[in-house]
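Colleague: Residues per chain, in single letters:
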Amino acid sequence: MIKINNAKLSDNSLVDLEINNGVISKLSKSSGKQGDGIDATGKLLLPGLVDLHTHLREPGREDSETVLTGSQAAVAGGYTAISAMANTNPVADTAGVVEQIYRLGKEAGLCDVNPIGAVTKGLNGEQLAELGAMADSIARVRIFSDDGKCVADPLIMRRALEYVKTFNGVIAQHAQEPRLTINAQMNEGSVSARIGLPGWPAIAEEAIIARDILLAEHVQSRLHICHLTTAGGVELVRWAKQRGIQVTAEVTPHHLLLTDELVENYDPIYKVNPPLRTQKDVMALREGLAEGIIDIVATDHAPHPAEDKDCEWQAAAFGMVGLETAFSVVVKTMIESKLMSWTDLVDRMSTKPAQIAGYKQQGQLIAENTPANLILVDTGASWQVERNNLKSKSKNTPFNGMNLPGVISEVIYSGKLVLSNRLIVNGNHG
Amino acid sequence: MISGHLLSAADLTKQEALNLLSTAKELAAITDGPNKKLPTLRGKTVVNLFFEDSTRTRISFETAAKRLSADVINFSAKGSSVSKGESLKDTAQTLQAMGADAVVIRHGSSGAAKRLADTQWIQAAIVNAGDGTHEHPTQALLDAFTIKQYLRNDQEDLIGVRVLIVGDILHSRVARSNVLLLTKLGAQVTLVAPPTLLPVGVHEWPVTISYDLDSEIQNCDVVMMLRIQLERMADSFFPTEREYSRRYGLNSVRLAMLSKSAIVMHPGPMNRGLEISADSADDLKSVIIDQVKNGVAVRMAVLYELLGGAKIGETK
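Heads up: the protein sequence lines correspond to chains S and P, in order.
The opening position of the first sequence corresponds to residue 32 in our numbering, with each subsequent residue numbered one higher.
The opening position of the second sequence corresponds to residue 13 in our numbering, with each subsequent residue numbered one higher.
The set of hints was computed from the structure by calculation and includes no laboratory data.
Everything numeric in this text was worked out from a predicted model, so none of it was measured.
Where hints are given, some of them may not hold.
Computed list of lysine-lysine pairs in DSSO-like fashion (alpha-carbon distance at most 27 Å, straight line) [unchecked claim]:
{"no.": "1", "chain 1": "S", "residue 1": "Lys-180", "chain 2": "S", "residue 2": "Lys-340"}
{"no.": "2", "chain 1": "S", "residue 1": "Lys-34", "chain 2": "S", "residue 2": "Lys-391"}
{"no.": "3", "chain 1": "S", "residue 1": "Lys-426", "chain 2": "P", "residue 2": "Lys-101"}
{"no.": "4", "chain 1": "P", "residue 1": "Lys-48", "chain 2": "P", "residue 2": "Lys-37"}
{"no.": "5", "chain 1": "S", "residue 1": "Lys-340", "chain 2": "P", "residue 2": "Lys-101"}
{"no.": "6", "chain 1": "P", "residue 1": "Lys-78", "chain 2": "P", "residue 2": "Lys-49"}
Working from the sequences, and respecting the hints, build out all of it.
Modeller: Here it is as structure tokens:
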């Protein structure tokens with residue numbers, strides 16, 4: 032049993048709670064007394080965070096990240112559920128591979144690791160992967176994505192959207208028109224013009240979003256837009272929602288904070304796909320998230336080994352790690368700016384992602400008899416990002432050296448304390 | 013100068029650029045004499061690190077360094093460890109270990125020179141000899157030198173000089189460096205290209221944009237033709253070579269439209285018959301050979317300033 036005393040909820044009420052057999056067994060108004068449990072005085076108690084966009088690199092690139100190290104990073108960042116993207120090697124396009132990833136997650140035992148299945152075989156965009164087999168596997172896959180690549184062929188996209196209706200699946204689209212982004216390196220605009228890097232225009236994202244929204248409407252299926260980055264994309268999703276189309280969208284923490292001006296020095300730590308955009312886009316994304324047009328925050332945690340960033344820009348890999356900084360970046364950009372409340376943050380980082388993915392044990396309100404996936408946050412404290420202290424096997428964070436608000440001190444996953452005083456304490460690997 | 017490197021024309025203040033041009037002029041005068049060699053950089057090692065083929069730029073830098081008595085090492089990517097997959101970092105650290113004082117780098121990746129300067133891979137002075145589609149600052153310096161020589165020999169800067177830069181602006185490092193440097197020196201720059209070969213965002217540059225060469229050519233003092241890469245046609249930047257040549261090429265008709273004192277420039281290598289006709293390239297208005305010659309003097313000045321050579325005149 033775990034007891035937590037004097038914790039603050041997002042509505043500012045103070046509570047004591049007891050956790051037994053994986054659920055909150057008792058929740059009561061705080062007595063103000065400290066017993067033998069965790070003293071949560073001054074800390075905020077929130078549901079565990081849920082990420083729908085995580086690259087774990089296992090199988091295939093265990094030098095960058097494994098399911099275990101990714102789970103550790105997730106816990107340090109306050110996540111009790113993550114979703115492993117399909118672009119591993121071999122690709123997660125069969126029941127066998129998704130079950131392997133699912134089992135590795137269970138073995139790590141630190142958070143739920145839900146595999147995402149590929150839409151097409153080998154991510155080649157040509158032939159549907161065995162979506163039904165992945166859905167029926169023990170991993171119970173519901174999100175399908177070729178992330179890293181766009182499902183560019185409109186007919187394949189249509190078929191995928193239709194097919195997943197059988198099991199209430201969702202297609203998570205990496206919206207990038209391939210012909211408009213040949214050899215693209217960064218946002219196309221005044222900075223790319225000046226520094227001479229091939230541009231990745233906003234329109235290449237928006238054209239696919241517009242097309243897929245219309246396809247989703249036509250076949251009455253569920254579409255999820257991965258890592259939305261442009262002001263125009265927000266407007267398209269707003270329009271679709273007004274029409275009642277079943278579309279959801281995510282934004283990454285880095286796109287809420289960083290802009291393409293950072294590329295000026297050609298430091299590949301800022302190389303990411305989709306690319307960092309302009310300040311105008313950043314502000315539109317923040318407003319879209321606050322308004323709920325963008326439904327959720329997702330990390331697009333993308334680990335890469337040192338040599339893939341310690342090089343010239345064009346030779347570098349796209350991607351940034353994000354699990355351990357996501358919460359604090361959202362606090363900085365959305366809470367400190369007063370665009371969102373804590374209740375909104377819980378909605379965008381826990382409740383909504385769990386609903387989109389159908390993770391029934393996650394994202395629930397804090398109440399008696401609900402699953403005990405919880406985090407304690409010292410909202411008044413801040414911490415300095417030190418890349419070498421990250422739990423992730425890869426250190427490619429663009430936030431190194433930044434002072435960020437909100438310290439996650441405890442994480443309870445499935446009734447078990449897995450992070451205590453910022454240290455990983457449990458799981459199945461000691 | 014410029015924190016010990018020359019990476020971009022933007023790094024130079026107007027005064028620094030003018031100082032380089034005047035140093036180049038002094039050096040040119042000396043090397044025009046019977047003994048072309050100066051001992052100023054004796055004992056210094058200059059590495060030409062070329063990841064792209066560029067015979068003319070490499071031999072220009074090599075000549076410049078040798079006239080200043082530096083030791084020159086040519087490191088070309090082809091046939092070296094680089095073609096076996098060695099990273100830029102490892103190459104740089106190797107050159108550092110061998111004691112390079114300056115590295116002249118030509119690389120296909122925009123920002124490669126800046127990365128060498130910003131990282132701890134190597135301590136040498138870095139000279140950007142062309143990075144991807146970003147910049148080629150010594151080309152801009154030699155172009156400014158040549159324009160000054162012909163049109164503003166008696167003045168300090170280039171105020172009032174009207175320069176047309178014609179062609180593939182999008183992919184041109186020569187255009188980017190020239191826009192930065194020539195406008196800094198007071199010239200008025202107009203870019204002439206089809207819209208497909210202008211970068212999105214070009215409207216923020218301190219230049220005028222035109223799609224029509226014929227309407228601009230009568231009102232300029234300098235027309236600088238850029239090399240057009242034939243593979244651009246395959247990527248649909250323009251329909252055919254012939255159409256490009258008709259609309260944006262310098263030919264005898266357009267040559268005749270130039271003002272009497274105007275000069276014709278080209279950074280080379282030329283596609284004769286495509287962006288420039290043979291008679292235009294060989295016309296009296298053409299200063300293309302002077303550009304090549306001035307390139308050596310300007311690069312001598314850059315190496316001289318960066319490697320802290322003794323004052324000119326104090327050396328024999």
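Colleague: Taking the hints in turn, state whether each one holds.
Modeller: A quick look at each hint next to the structure:
1. Lys-180/S - Lys-340/S: Given that 27 Å is the threshold and the Cα spacing comes to 21 Å, the pair holds.
2. Lys-34/S - Lys-391/S: 24 Å, holds
3. Lys-426/S - Lys-101/P: 18 Å, holds
4. Lys-48/P - Lys-37/P: Distance of about 14 Å is within 27 Å: holds.
5. Lys-340/S - Lys-101/P: 11 Å, holds
6. Lys-78/P - Lys-49/P: 7 Å, holds
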